[in-house]
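Engineer: Please arrange chains B, C and D on chain A, whose structure you already have, making use of the hints.
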Amino acid sequence: MANIFPRWSNWLPFKIIFCLLVLGGGVSAGVWYYLNPAYMRVGYQPAQPVPFSHKIHSGQLGMDCRYCHSYVETSAYSNIPTTQVCMNCHSQIKSDSPKLQLVRDSWESGKPVEWVQIHKTPEHAYFHHSVHVARGVSCVSCHGKVNEMEVVHHAETHSMAWCLDCHRNPENHLRPVSEVTNLDWEPPAGTTQQKIGAALVEKLHVNPPVKNCAGCHR
Amino acid sequence: MSKRILQHPAESTTGKRYWRSLGQLQDTPEFRSWMDREFPQGAAEIQGDDVSRRGFLQFMGASVALAGLSLSACRRPLKNLVPFTKGVEWSVPGKALFFTSAMPSRNGAMPLVVTTFDGRPTKIEGNPMHPVNQGTTDVWAQSSILDLYDPQRSKGYLFGRKPSDAASFEKALGELLKGTPDGAGLAFLTDGTVSPTQERLRAEVLKKFPKAVWASFEPNGSELEASAVSAAFGPGHHAVPVLQKADIILTVDRDILGVEGDIAAIRGFAAGRKADKAGTKMNRLYVVENRYTLTGGMSDHRLRLAASRSGAFLKALALQVAKLAGDAGLAKAASELKVAETKIKDRWVEECAADLVAHKGAALVLVGQRQPAAVQALGFAVNAALGGLGTTLELRKTAATPALSISALAEELRKGKTSALFILGGNPVFNAPADVRWADAQGAVKTVVHLSLESNETSVAAQWHVPAAHYLEQWGDALAVDGSHMVVQPVIMPLYNGLSSIELLAKVVGTEPDALALVQKTFVEAFSTQADLTSFWAKSLKAGFVEGSRASAVTPALQVDAVAKACAEASAVRVVENTFELVFITDSKVDDGRYANNGWLQELPDPITKLTWDNAALLSPAAAKKLAVETGDVLKLSVGEKSVEIAALVLPGHADDSISVAVGYGRTEVGSVGRKVGVDVFPLLTAAEGRFRVGVTAAKTGRKYALAVTQEHGALEGRGADITRQSTKQEWAENEANPDYFLKMGIDAHAPANFSLYTNPPLDDIHAWGMTVDLNSCIGCAACMTACQAENNIPIVGKEQVIGGREMHWMRTDRYFASEGGDADEPEMVSQPMMCQHCENAPCETVCPVNATVHSEDGLNVMAYNRCIGTRYCANNCPFKVRRFNFFDYNERSITSLYKWNLISDKGMPESLQMQKNPNVTVRMRGVMEKCTFCVQRIQEAKITSKVHAGDSGVQPRVPADVFTSACAQVCPTDAIVFGDLRNPDSKVAKLNKDQRSYRLLEYLNTQNRVSYLARIRNPNLKMPDAARAGSASKDAHGHHGEHQQPAAPKATNGGHA
Amino acid sequence: MSHPHKVYGLGAEFDSAGALLAAAEKIRDQGFSRWDVHTPFPIHGMDKAMGLGKSWLSAGVFVGGFLGLITGICLVAIPSFVLYPMIVHGKPYDWRTFPAFFPIIFELAVLFAALTAVFGMFALNQLPRFHHPVFNWDRFKRFSDDGFLLVIEARDDKFSESRTKALLEQIGGRNVTLIQD
Amino acid sequence: MSKSSVSLETPAELKREPLVANNHSIKWVTENVCSIVQSPTPKWWLLAMCITSPIALIGLICIVYQISNGVGVWGENHPNGWAWDITNFVFWIGIGHAGTLISAVLFLTRQKWRTSINRAAEAMTLFAVVCAGIFPAIHVGRVWYAWFLAPIPNTNAIWPNFRSPLLWDVFAVSTYFTVSLLFWFVGLIPDLATLRDRSKSRIAQILYGIGALGWRGSNKQWRHYEMAYLLLAGLSTPLVLSVHSIVSFDFATSIMPGWHTTIFPPYFVAGAIFGGFAMVLTIMLPAAQIFPQLADMITRQHVDKMAKILLLTGSIVGYAYLMELFVAWYGVNKFEGFTFFIARANVDGKGWYQWSYWIMMFCNVISPQIFWFKKMRANYIAVFIVCQFVNVGMWFERFTIIVTSLAQDFLPSSWGHYAPSTTEILTFVGTFGIFFSLFLLFMRFLPMVAISEVKGVTPEADPHHNHPKH
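Chains as they are written, first to last, in our numbering: chain A, 2 to 219; chain B, 818 to 1875; chain C, 140 to 320; chain D, 41 to 510.
Since the hints were made in silico from the structure, they are not lab data.
Where is the CB? At the ideal position from N, CA and C, for every residue including glycine.
Don't take each hint at face value.
Unchecked claim - Pair by pair, the computed Cβ-Cβ distance ranges are:
1) D:P80 / B:L1720: 40 to 46 Å
2) B:S1573 / A:V32: 39 to 45 Å
3) A:V32 / C:R235: 33 to 39 Å
4) D:F472 / C:W234: 42 to 48 Å
For reference, chain A alone in the conformation it holds in the complex (with noise of 0.2 Å):
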């Protein structure tokens, strides 16, 4: 028997690499799944300092977005809104909830409610809520049905890739200016997004940066 190598080795290259391919593939899709920001930021639900409902207020009392977030029309930034803004109605309603402990505490002693970041921009991109809202982007359109989350949660990727969608067919997701913080808002029978959106695109002049790079990194 002068064979060096068993009969069993004819077959080890090809387990070898049906292994590796095997086990490439996995990776490959692993970090396909799960280095995406579809996995890494959809379903983000972090606990909130105070039990705030945007379900009750949002959709059960049907408050407007911007009574809150008060600057979303002006600022880059859609604000959170101070203890003060809370206290308008609190101190008068529920004035003795415990839920709402956390927010007379922070009006009394002037200490602010930290709130957990659910959207994160990436520090390289430079997101203008002011210039969505006001061509008609709804607020829906990447934050979700928050008039029906009890909790927050993370309902987009916010992935270039996603941006670039709606930048590159805006007419996809545009509504009326005057709906943009209407949730629950759907293109009126007998016509379709698509329509209307095309309309808005057309009328508005809609032109949001696609080959700029600089419309979001500077």
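Structural biologist: Relative to the frame of chain A, chains B, C and D by itself:
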């Protein structure tokens, strides 16, 4: 930032200590009043963000708290958003707020508008409403924001060099003053800035302490000019040149467009220099100077002459003017002046005088402030003879009360009877003239209280050091160049509890040290005639100055006999043959040393020498040859018993018997930036001889010293017609009808028309951003470089790196010395701002392998830092070499530890410096390329605003013409840089782009630059002997060019390794 | 196909390349099909002597190269023209920029062709195959030195232990050995 | 095998000098080549490794230092964005051309003398490409983002710029390395089988056995093997020409004076062959002295032919240099004229790097001219010395091209000197350590000469050769 700042105890030593924490102040009345003052009411919040990028430091220490991983947040670290509890009026998170203010200086305060983001000032601009500067500023105003955030600023009281506190100081102050009820033994020393409130408090101090002594000192001040004015016109006046009214200007040893002028003079000159179309009226500038200055660079005719011989020149000129104008008084005065034996080019003087006299009433002669008072007085007499009084030379009543000179004060102190000396600003131990022997004098005082921004040489020699408030931190007032009353409005609470000088004086007087109240009281007294003072205050505060408060001109007659007497009494300037004169020049960056710890200024190349991080002995090529030295050789300059050793820098166009050296370097007690930078030449400067000194010997030491010069090569190499196009007024008039006159110069005159096989993709945005740079207006002051640095978060890299050629400035001002025939001694100087040209066919783009730099539809060559991997190929393929690479992590690492192994060296930017960063511009990391973006953050802001304004109206959103501009264009004192929308026919840039003088660099490459230059027009007097030289270096001569080559700094021997 | 006696075949050794060539011609003429020669270097004329035609590997390589070409065109064109057209150096984003894409298309064509050549050869030669019955023949290792060997497999229809052995010895084979599997 | 395919037969009518001298047998070839690998480790080899491997380690330390601190630890600056890094890259990649050229082009043109040197030359190619690949990889500012170069679909929806010559480089160099590696490995398979069959130790048997992939030398295998080898040679030939052309595009497609030149592709390819052959000789001449067993395989005839190639390619390169000067003069473009006549040739004393230009001129154009003389071609010492000149000269050629064009370009204001840093120098020196260490490992563990191919050119290999065995 692992700690939540919000829960910090007030005394925390580990957290941020640059501003008051919430815990410290939340319930105190001061906090409330401060809040009311800064943000009277309303609602706002701070959104968490990362300081490393946006420098977004949170107001009051509210902060993003990185609390690590928690179960509910297993995918990413927990970050918090911290809103205000109560909103603050006007403050909208993420939006800039603008406040008017003013930067005090000895030349008159600079009216400013300060940009703040969430309570922290980030950028300074000129006040566009003020007639003096109309929105423009200068290098010092731009960089003063960095002084505010200087991490090595004085942070507390020092007593005997040991930390103390405000309470101890108050106690000590009380005891000091108790000891001397009439003020005997009290002395005050202030700097030369004029503040109405300080003047008022001075009067109160002297009223309360009548025996107190009050002195004032500015190392680079204008005392000689003041005495010349008072000799010529009587005391209490000062002279203000009105350059916009002058058609013919002669400066004699006076850098009126540079360090010896002010923004009003620069703007006045530029206004008279506009070359809108061929044949328009344009001023003519004759310059007599010992070294190239910005003024010399703008000259039509320039005469190299040692400062010590300027008197001789002026005498010859005055005699000639007197002869032509028939002014016997002037002739008499001039003939009385005793001057050094000097050979002056007769024809130069004759033709210059003839030109001046021919423009009687519109001629101006300016004499250097370092010249003897008699010479300056004679200069005023010449102006009077030329009919310039009241037109080109305006006289005003001085605002400041006379004070003792520092020499007199030193004598007083040496008597040993002074118990307390208050030094309000300034650094006399370092920069008082050597013969004053200030250190001894100060040592004779029992208690010296020194108020300053930094702990300097004077502080360590004083018993008490009091940290000063930066002008952006405390209320104050000041007078602008035109004498208008301005309120210095603070935009941030004192970061380190510093006191302003008026607060300290108020403490001395015993009134409430409330700066706002003090300033308002002055205001009320000054404008008591106003009906509604409250709204007048508010209106003035909003405008930044008090309208109508401009100082009015007075018209005293020239006392020609007094001038003659002064001339007769003045002793002649000695000239010692075979020695040099040493001219002490005000440094264009650190001034008298006060800005030594400002990294932006230290790294800013001097407009003339392009030297950074140093001073040097400037001398002419001929003098260098005589001494057998070249740039970088250390010279020993000796006079009397004193000597200094300083590196030589050979500068074409310098007078051969003169050496110039900038003062203000060689500071010893200073932060790490300014330490060991340059050589202190104050030991050679004496009060007796003034700011030039004769009889100085220079000797080669044989040692070498590495100078960090940013422009190695100063010659144009026969490329003048390609790069810096020029013509003369006369030649332009001849070619008025030729649209190609400026387009077909240099290689473009020969190259065939560009032809492209491609159809370029359309740049079809509604806007097309572009820029023009008017070389005729640009004086090369480099204010644009500093503005760019402040706006765009550009780091400094340190001297070693500058020597290695890694400076990061996005724009530079190229300075060429060029002359036809290679005349090394008499070259012309040309300045050219150079930044990314935003080529439509950008060569940098195609070579980037990762699409990190591409083109936008509005014509920008955009750079996505986060995509860049740093191949540097784009920089290589840039014909203008305007791209800048982060060779190291200049933002995160100290410039002294760049070569230490990264693993063991500390990283991170001082927090106070993070506060300066523009939140709308990425702070770049190492390994990425960067370059001028045309201030794309401003473009985007403007576009977004136009879109938000358009709303759902259906109006096409479009940025209106000239509603914003780039940082460099905004700062430019001469409006040479104009930025805007080329596609908007109403915009300035679109109009200038069509100017006949408009040309683009290297057109033959077909890069289709978006930056165009407007050719420079010189206005020579054809009768002058040197008339033919004007602009000749930029003419398209074939084969017989030659320029002088500035010997390069020994860069190559200092390659960038540790 | 399993052989009851696990006989793989018969091996014979020849003196020289020429002798082997002559022997191969004879074996071919005898009508054997499952046999081969093992030599330290390829012998000129052996293909003909064994009745083998031209290798078809070249056709596969052409296909591979062509696939590389198509891949290259798609790789450069789809992102540049369809997925994210960008304005780069004022160059159009359509077919007119193709000259700038030639290098990558070319390189990919060559790469694919070369990979096809190598791995196609492996496949045709059934490599890697570490264990093989011929290695059981103790004189087999001489093939990689200076041996000229001829092996006829037992699977060949014409194979017969005794007759084939005789044939091999007759045509000059030495050390004719029965190779066990 | 058909006539159209390669013939290993030496036509008898052309009475050439034998490629294997002294009429050795096939067995002799095996014995001699394998004895290098299978004899005990010689002392000189250990000594050489002790020198080269620390040098390689220093290079690696420099690379780690550079990556952790930034490109600033090198001497590059504005305007010299590239200097030693790309010089070294082009230098090594140029050297890496000889191996494939010898293997492929000479194979296709039936230059059978190649057989004894092609294996070592190919190995040299691979190691040179390894060294070359280091520089573009580490010269980028953010190495950790170098994967942006790969066209991978990503959530940013952004792609590399396929118009960039640097991306072409990525594809060209990686393809070249892959194909060269395959070519080399395919050639090694029969020889690894030889080593496998001769090895006594179990470990060696297994290791060589794995490398040999179970090669049995059967004619059915040889048939496909030869076809594969021929095809690889056919593919490698345009590849080798394209790679250096593409490397030259880095410069030729730019707009810098001195770079923007259409002559670059042929000039660079010629230069690469030139430099590559010099490096082959640099290695093979000492190797032939160290291993006397190889002396009959690497004969004077080989050296003579390679010297002639050096003369030819050196002259082509010289022609290119002169043509550049001519075009610069004829084109009347002042910027280009300045680069060639002043920055490089320094006719008026204003050039900064004229020494580099004249070193290049002397080494690359003048020194090979001695090979017009047969005596010089036959003198191993002279050949070796000229090869060293060529190695130096080719490095300076790249340095001249890169640095003179960048240091003094369009605007005099941005001109700047360049000086290398210690780290930069040590990194380059380190690549020599890596190169020679790898080559020493190759000499020790793999057959330096293509055994089966050399056997194919022995007289005995001819089936019609009637010489009795032994």
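Engineer: Next step is simple, just say for each hint if it's right about the structure.
Structural biologist: Okay, the hints, checked on the actual structure:
no., hint, verdict
1, D:P80 / B:L1720: 40 to 46 Å, "43 Å, holds"
2, B:S1573 / A:V32: 39 to 45 Å, "43 Å, holds"
3, A:V32 / C:R235: 33 to 39 Å, "37 Å, holds"
4, D:F472 / C:W234: 42 to 48 Å, "46 Å, holds"
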